[in-house]
Each structure stands twice: as structure tokens, then as C-alpha cells.
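Participant: Protein chains in written order, with this note's numbering: chain A, 336 to 587; chain B, 200 to 434; chain C, 200 to 434; chain D, 234 to 498; chain E, 234 to 498.
Worth flagging that the hints you see were computed from the coordinates, not collected in a lab.
Hints may be right or wrong, so weigh each one.
Claimed, not checked - Only pairs whose alpha carbons sit at most 25 Å apart, straight line, appear in this in silico DSS-like list of lysine-lysine:
#1 492/A x 218/B
#2 305/D x 323/D
#3 418/C x 419/A
#4 328/E x 491/D
#5 248/B x 368/A
#6 266/E x 305/E
#7 435/D x 305/E
#8 492/A x 248/C
#9 205/C x 418/B
#10 435/D x 253/B
#11 248/B x 218/C
#12 253/B x 368/A
#13 248/C x 305/E
#14 521/A x 205/B
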Amino acid sequence: DWKADLVTSGTLTNCIDPEYPPMEYYSNGTSGKIIGFDADSSAALAKELKLKIKQLATSFDGLIPALNAGRCDIVWTALYLSNKRLAVADGVPYLETGAGVVVAKGNPKKITDLSFSLCGKRMAAQGASSNEGILIAQNKVCLDTGKKGIAISSYPKVSETVGALLNGKVDGLIETDVGCGDIVSKNSKRLEVAKGYFLGDVQFAAYMNKGAALTPVVQKAVEKLISNGTLAKIAKRYNLDPEKLTSVGAPI
Amino acid sequence: MDFESKLFFEVLFSGAFLKGAAISLSLATLSQFFAILFGFFLAIFRLGKNPVLKSFAGVYIWLFRAIPALLLLLIVWNALPQLIPALRQEWYSPFLAALLALSLLEGAYMAEILRSSIMSVDEGQALAARALGMTPTQVMRKVVIPQLTRIAIPPTANEYIGMIKYTSLASVISLQELLTRAGNGVSATFRYVEYYAAALIYYLVIVSILMILQSRLEKRYAWISTTKKSGKVSK
Amino acid sequence: MDFESKLFFEVLFSGAFLKGAAISLSLATLSQFFAILFGFFLAIFRLGKNPVLKSFAGVYIWLFRAIPALLLLLIVWNALPQLIPALRQEWYSPFLAALLALSLLEGAYMAEILRSSIMSVDEGQALAARALGMTPTQVMRKVVIPQLTRIAIPPTANEYIGMIKYTSLASVISLQELLTRAGNGVSATFRYVEYYAAALIYYLVIVSILMILQSRLEKRYAWISTTKKSGKVSK
Amino acid sequence: MDFYNQKEREGFQVSLIDVQKVEKYYGDNHILKGVDFKINAGQVKAIMGPSGSGKSTLLRLIALLEPVHSGKILFNGDLIAGNSDGSRAKPESEKVLALRRRGIGMVFQKFNLFPHLSAVENVMCALTTVQGLDKKDARNQSIHMLERVGLGDRITFFPSELSGGQQQRVAIARALVLAPQLMLFDEPTSALDPELVREVLKVMEKLAEDGMTMLVVTHEVGFARRVANEVLMFDEGEIVEALPPDQFFTNPSHERTKKFLEHVQ
Amino acid sequence: MDFYNQKEREGFQVSLIDVQKVEKYYGDNHILKGVDFKINAGQVKAIMGPSGSGKSTLLRLIALLEPVHSGKILFNGDLIAGNSDGSRAKPESEKVLALRRRGIGMVFQKFNLFPHLSAVENVMCALTTVQGLDKKDARNQSIHMLERVGLGDRITFFPSELSGGQQQRVAIARALVLAPQLMLFDEPTSALDPELVREVLKVMEKLAEDGMTMLVVTHEVGFARRVANEVLMFDEGEIVEALPPDQFFTNPSHERTKKFLEHVQ
Ligand SMILES: Nc1ncnc2c1ncn2[C@@H]1O[C@H](COP(=O)(O)OP(=O)(O)OP(=O)(O)O)[C@@H](O)[C@H]1O
Ligand SMILES: Nc1ncnc2c1ncn2[C@@H]1O[C@H](COP(=O)(O)OP(=O)(O)OP(=O)(O)O)[C@@H](O)[C@H]1O
Ligand SMILES: [Mg+2]
Ligand SMILES: [Mg+2]
């Protein structure tokens, strides 16, 4: 019985790292409610399961240890779905996303795609993200084809990559399209999203412990929340494209 | 990006920052207190003759100087309750877990500081005190500790101030102190100048108060008769 | 989640970890070296009679003890190049920026440690050395420094070991050292036990080596004639 | 070794302290090579001898500040150091020693004042800590003792603010104020000015008259003559001669003593 | 104040050191109250006086270890401390003082040996650092000097491993090895055993014979008689009497001296 396994009976505890608007952040910057697409969606999930929601703010390195140790039931905080992660945890995808590039206003370095226009450029990425992986792979392609490589600098938080771009340390930063939109909306005078062709083939997922009784329950509930339009409403609230909600509760 | 002073003052006097500072300060103070306690006994063990205690202290200091705080915090918060069921209760809060981890860790550092302070007390001092019939405990309390304190104050103040900033690591076990709050704000708004400037003000105030306390303590331990006005302390 | 020893060993001997450890170690070593240098002069200034230098040292120590490392790193990396165009060049790498920030910061801490060590040297020592005709510099080099070293070794070793772990903060300016590498590995795979265990092994090895060096240094500064076999050091 | 020839005072027949075949090593250095003597209650013995001969070491052993290697020391007939058969001894716990030490006072060659306490606090310190006196009584006694050594106007000064002579006088007051059964003095006047030496020696003479048992390492011939019941000549870790002062200073039998006395007188 | 009556040796007419109206305060304490005297090259003067009278302070001032408040000190006719008009003086820079100090050696009441250096390194230290001798020569000279004070077998020992007497002898060797023009001794033998006192005093006598100018705080009457050209009686920060030793010890005029000598002799 999955209800017996809850950390606190009658409550769904979500470990969340509230440093990634519009997905999760504090309502007034440093305090107040944790809001954002993930926060609201997990709350909707709890409601669907007839539970109370508890958002447990935990910085990134502590998320999965807390899940494993039974400090929380679920980690719903804008984590990508990947095979490596699925080897140790159950994932339920909920939103499609893709990489975008933010550049200085006017795109002076002419970054138009995630392939050869990056060669010879200086790019910032959040460390160990899939986006960083894209840069590393493209760097190899650049070098293999005799072009200049990409100078990649990795920062722990998105806000620091923005700082590096604003201070001219890099020519562009790579971030999920969701993140890109948020960054530009807050720095509209100086930054813009690079236009051109960009990939869109990754998904955000909520994670549960491997083999948890909760996993199929969450999977079913998320499917329902997507089909009944609850998540679409939340997406609109945060200027996200409801089209990107995954219709298939695919790989686990 | 211009400096938005309105945002700055808002942040500076926000409840979240005040609460964050209170958590930093109380966590650091308690951790440092217990660390001094642990560290003192570890130092005594290491300088003493009992081989079991001596090697225990040696291994402890070795291990806890090596282990990164982040890792120890994760262990204390996530792994320990699996071994000790009592810790799964509500009362075992992130604050308590952080207090445990930071005290254990800092204890190893304080042990080394106190060991060197004890060594700096002249041997003749303990000899004279023992000759007066004091027990080892009395020698410690009446003669060695007052003298080592003088030497130990500045490095201990160092550790304490460092600890106040170190508490930010506890965000990994969902404790939200000052610097974590600032980081949250920056992530939400990308206005790092205002948020970090506000945090810096807090740190400057806290450190100023501590440094005043430190210099008062040091004066108290200067061992000059207070009746004298012009203190000639040539060096 | 079982412990996957294959992954553990892979990580342990991976180039990324080795490189990360090399960065931690070299950054910590260089920062500590410069910090001792700065700190020494700051300590001398603070103990000296020149009022300008004295208050400069006081303000420096106050400010740099208060400022969080994270913030100073961001300032040195992002703000400083805006003031000093030369720093916008390629050669101003994250490593150099981190070295600058950590040396400046740690200098304030070392100043306090060295000040207390200098104070612990008996006044009669400088008196006798001056009477032999030594200049203030010679008194420092030949008499005070060798004696303060003994007292300063344990807290300095503390700082150095702390510094090795502190270098992980430099990840905010895109320097990827040991703990950052481990964190990256964890976020890519969620396999934190293996990654952090591998990092811990590195730290244990590094700290063991440092502690051996420390105890060698301390023996060298025990001031007992080496000809004697049974060292009686009663306390 | 039967060179004992003590003026035994009436009423004091028990040996207060009895040192038997005591040996001491520092590493491989053989410092004390079988030291043997006793002091009856009320007696005063003086020790003379060259530097490095082990005089201070012997006093530290009697004060139980260091363990004997072998041999034994009896205080009031009780074994306080070493094994009863005089064989190689194991060090005792410090707590036991602290209790045994309480009848014995010691004044050091170097003063070893507590730098963090003022003159009067140095003297009070043991009274309040060890004897459990209340602060006011302890303070009064201490001030009185400081006045006796001529430091009535320096009671609130810290050691670092006192001249060498003043420091040594505080150290002596600190030991005397505990009024122990046996007093050990390790060259108590060697850092004092002649004027003050006499004052301090007067205090010590008064103590002797009041029946205090004392063992004094000193090179003050006058003092030894007036006060000591016996003078021990100490050389290279051994007592080479023990005589009443008259005989010791005028007609010593040992070569070593004769040579030594040339320098003293 | 014309109580100077020096046995001036032929060939030495210049005052090597000339102390004029020197005053010194510690905070509000008036320690030296106008001290006035000179020593010609080759002369030896002894200072006697009670504890706390300021003898050590005077020596520290002459050794330029502390600034004078007012008054002046001339060395070889050159002003080394104070203003030429004797008015209130500002402290000099330590670098200048270090150079001026090089002709003056000092031995302290407390030994102040460097604990991190062995006996021979303590003695060598100034030879290599200040005089720039090469290590081998410095070592040889130092060993020689240690042998002269009877420590040939202790050269590699550290201060903490030496007895009080042994430490003081190292301190004396360390000062003597620099062979300065003027030697200041602050009770150099007060912590030494009688036997060794004689040895050390012999060294000092030899120095005096070789023409060394010396100022010695001492209570060794024999030494003062044999070696000093004049003995100064010091009390409460003033020289109250200055006489050739014969007269000083047999027929002093000042009350204070008479009283003091009662204790010494
Ligand atoms: N803690 C110690 N470790 C090793 N050797 C020591 C120690 N203390 C004393 N000694 C040695 O023991 C010998 C005797 O020293 P002690 O201080 O007892 O002599 P002393 O007769 O008191 O001499 P003095 O008159 O110079 O004080 C000396 O040679 C000294 O080097
Ligand atoms: N650094 C100091 N600060 C304040 N007062 C001091 C200091 N040094 C010495 N005094 C005071 O100055 C006076 C003279 O001290 P000084 O050491 O010169 O006397 P002294 O004649 O050498 O005595 P002794 O024979 O006991 O060594 C003493 O009363 C002492 O308290
Ligand atoms: Mg001795
Ligand atoms: Mg003196």
C-alpha cells in the first residue's frame, strides 16, 4: 500500500530546489511560498491523491540523497529524464523542453544553431546539465572538422551563467527553452534568445525511489492531470507552452 | 544593471533575511561552542599518555579534517536516521542535524588549535601548580586554561567567523540560512548586486560585533594591572 | 541503491577526478602561501606602532573576515574586470581569479593566527636579540619567526586543510575542482554514494599526507637535541 | 654510609621524610645515583653542590613532581614514592599524587609565577583552590604574607610588571602561605638582592624556630650555619658528605667538599 | 655632585660612556630620577642597590633597548640616546639603534636564551647574523667560549635541557663572544653556583685586564673589590654615592650605603 510508505502520512513531501524560475522559486525572491510550474503541479498532484503537499527546499546536491533516505516521497524540480538517472530512480516525464541559447542584445556573435555557429565561441552552461553535454559533444564536432573549439565554462547555478554573460565573460549561455524565456524576460534590455534552429527533444521528469509503490500511482495521476487540463492551466500561468506537456507517460 | 536601492533596502529588512541571519548566527554559535568542548578533550587526549584515547583523538582529527562538510551533512541528515531509528522523529530537524555535523567537524579543527595553545603554556606553570597540591583538573582549570585562552582567542575567533559563513552549506539538508536566501533571491530575479550587498551588510555587522567582543576578551587577557594608565606593551 | 564498486573505482581513477584534485591542491597551496605572506605583514602592522598601517590592517581584517568567499569570488571574477580593463584578457582565468580572492580572504584569517603566535613569543627574546645588535628584520627572521612557527603550525595546518575543501566554492566562477566534479557526477547519475566516496578517498589521502608533514614539522620545532633517544616531554 | 650525625631535637624522633636509595634517569643520563637521607620533623637540612649535580631534580622527586626510577621515599612513615621493596617503580596517578603532595611546599629556582594572576591572586590561588578557604580570608592571609616579604605596595601588580627580585618574593610568599609540614627550597634567594635575602631568610629562620621541617638547596653559608642541623654535600647525583654545619664548614673530610668550599667562602 | 674620584688608567682619557641627567618613567611611575655618571674606556664600574631601585632599567637604557625620557647618553663622545640639550627625547628608529648598539654587549638577569637554538647556536647566532662571520669560524669561536664557561660537553643541548646555572653560562658566553667595547652585566652571576661564579668572574676579570670597559650590576663584593674602579650605590632611581671600592666597602659616607652593606657583608 503506497500510502503507508509516505514520509508523513497524509502528506506528499516534495524535495525542491527553488532556484530555477519559472519552474520553482520563492514568491518574493527570498521568502514566502515556493511557487512555479513544478511547485504548483506537485501541489495539484497531491490534491489529486487526496494528500496535503509539503515543499521541502533542498539545494541541488541534497535532492536525491534526501529521496533515498526517505526524507521526501518525490523530487519534482525540473530534472531532465535520462537513462543514467533511470538506472537508480523511477522517472515520470511531464514536460518537453529543449535547449536554447541566450545572447547579448542584437546577437553580435551570430549564434544561430547548436552546431557550427558555436565553433570558436565562448559558452556558459550549468555544470553537469544535459545542456553542457550538448556543448561538449558539439565542441568535439568542431574540433574534428578542423574548426575552432568551444570554450565552455560551467557554473553551478543558472544565475551565475547569466552573470557571466552580462559581464562579457562568455558570448552566450545554453539553457532549457523554459529557462531562456525567464532569463530574457528579466533582462530584456540587454539579452535576447538567439533565433534559429535549436533542438527540442528532452523532457523534465519527476523522480521517485526505484521500484516505489508510489510510482505507478503518480504516473496515473500525472496522466490524468495532463488530460483534464490541470497542468495546462498551470503552464499558462507561468508563460509555458501547454503543447509541450507530454501526452505519453512513457519510459520508466 | 543599475543599483536599485529600493530593492536593496527591502531585501535588507525582509523577514527572510533576518530569519536567515538568526539561523546562521545561532547555528554557528552552538556549533562552535560544542566544537570547543569536543576539541578541548581531543587535545587533552592527544597530549596525554593514555594510548587508547591518544589514538582515538588522532584518528578522529584525521577523519574529520578530511571529510567535506557537504558530505558529513548528507550523512548526518540522511544516513544516520537509518541506523538510529530515534532520529527519524520530528524533533530531529535540519537545524539539529547541521548542529551535529558542524560540531563534529569543527571539533577536529578546534582540537588542533587548543593543542597548540596548551603547548604554548610554559611547563614550569603546571609544575608550580602541581607543587601547590592542585589536582590535574585544578591545574587545568586554574592555570592552564586561563593561559591558553590568550593564545587561543584569535584563531578561535577566526573559526567562529568562518563558521558563520560555513552554515550556508546546510542548505543541502534544507536549512535556509542567510546566504541561501540571498542565492534564492538572485535566482529569482538575477539581481545579484542588491541581494549580495544586503547579505554583506549582515555579515559586516555580525563580524564587527564579534571583533569587538574579541578585542575586549583579548584586553581582559593582557594581564596588566588595570590601575595603570599608560600600558607599555613593547614588542 | 547498492554500492557499485565498479563505478566507484572508475570514478576514483578517472582523469576528471585526478584533474579536479590537482586543481584543489594547487589552488589551496598557492592561496595559502600568499595568505601567509599577506597575513604576516598584516599581523606586523597590527602589532606595530605606525597608526596608518595599524588601522589599514584593522580595516582589512575586518572587511575580509566579513565578506563571504562566494561573494568575493563573484566580485573578483565579474566586477573587477570592469574596473581594470587588463583583467578582461584571456590570461585572467578562473584559477587566477580564485587564487586572488582566496589569498585576500585567507590573508585576514592568517593575520589573526600569526598575530597571536607573535604575541606568544616571550618579550625577553626580542630584548636579548636586539641587545646583540640585530636589526628589527633580523630579530624577526632569526628569533621571532622560528619561535612563532611552532605555535602557528597547528592552526595554519587547519586553515590549509580547510582551504583544500574551500576551493570547491570556486565553482561559482566556473573552476571545476574535486568536489564540483563529484557533484557533477552525482547530478548526472544520481549515484552519490560512489562519487562522494571517491572524493572522500582523495581528501583522506591529501589530509593524511598533510598531517604527516605537519607532525614532521612539529617534531623539527620541538627544540630537543636530536642526540637524545627517549624524549621526555612531560606536560 | 653512616655519616649521619644529627642534632636530634627532643620530642621529634620520627623521620618526617625518609629518602632511600633513590635513582633517577633522564633517558640514558643517570642523574641521581642512589640518594639516601632522612629528615626528622623539625629539622632543617641544607644541600650544597655544583651546578648540574641533580639538586633540583632531587627536590622535584621529593615534591612528587616526577616519578623515581627506583628506591623509595617515606613521608611521616608512609610510602609516597617508589615501591616498598625499593625496586623499579611505576608512576602513580596524578590525583593520588596531588593528595600526597599537600603536606609539602616548594619554591623554585625559576619563580614560575602564574602570569595571568596578580601578586595577591598568585598567593591566594592555592588557598582557595586546594585548601578551600573563602576568598576574604585567603586574601587577608595572602596580603599579610606579601607584606612579610616586603611587597605590601605591589599586591595588584602582575608578574610581568614586577622586577626579578619582586617576582621571586611573590613565589616564596605563595609557597609559605600554605604552611605545609615540609618546605623544599630550591635556591630560593639566588635571584634576590642581598637586603631582601636577609628578610626572606629571616622568615625562613622563623619558620624553622616554629618547628617547620625544611630542605633547602642554598649557597648562603651564613644561613646554613645558623639554621641547618646538617649540611649535605651533593655531587654528580650522590651525597658525598653530610655533617653538622660547624664541622661541614670548618673541617670537612671529603676532598670534593673542601674544594667546593674554597669557592663559597 | 662631584663624587667622582676615578683611578684613571694611563692612555684612556676619553669617556667611553657618558650618562647625563637621564630620567625614565613607566606610565606615572618615576623610575630613574636624573642619573649622571661616566665610564672611561678601560674602566669597570659596579652598581649595587636594592631590588626595584631601577638598576635593570638603567642598563636597558644604556643598551638602547628602551628610550630615555629626557637627558642624554654619549658613547665614544657620540650622542646615542636623548637630545643634545638633554630635553625630552623622541624614540629613534630601531634600525638606527641596532647599528649604535653594536659596540655594547649585555647579559640579562633572566637568561633570555633562544629556546629554538642549541647552546652553540645561541652563541653563534649574533656572530653570523650581525658580524657576518662564516659558519665554521663562528662555530669554533662559540665552542671555545662555551668551553671557557665550562660547557664544552653541552654544546648541542637546547636551553630546555640545561639546568638554570648552565643556561646562564650560555647567555654569558653569547654576550662575550661578540667582544664589544662596553659590556653591561645585570647580575650575571646571581643564578650561578659559587664554583661557577668564580670561573665566570675570572673570565670577566680577564676581560677587564684586556681593557674591556664594563658596567656590572652585582652584589659580589669580592669581585667589585678586585675589579671595579668605582662602585655606585643606587637607590630609588638615583646614584646616592660613588666611591672607589676600598672606600665604598670600608668607609661609605651615605646612610643608605651603610645600611645596605650590613646585608651584603
Ligand atoms: N627535563 C630534563 N630532561 C633531560 N635532562 C634534564 C632535565 N632536567 C634536568 N636535566 C639534566 O639533569 C642534570 C641535573 O639537573 P638539575 O637541574 O637537577 O641540576 P642542579 O644541581 O639543580 O643544577 P643548578 O644548580 O644549575 O640548578 C643536568 O645535567 C640537566 O642537563
Ligand atoms: N615594563 C615595565 N612596565 C612597568 N613597570 C616596570 C617595567 N619594568 C620595570 N618596572 C618597574 O620599575 C621598577 C624598577 O625595576 P628594575 O627591574 O629596573 O629594578 P631592579 O633594580 O633591577 O630590581 P631587581 O634587583 O629586583 O632586579 C620596579 O618597581 C618595577 O615594578
Ligand atoms: Mg637547580
Ligand atoms: Mg634587575
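Participant: Tell me the hint numbers this structure goes against, listed in increasing order.
Facilitator: 3, 4, 5, 7, 8, 9, 10, 11, 12
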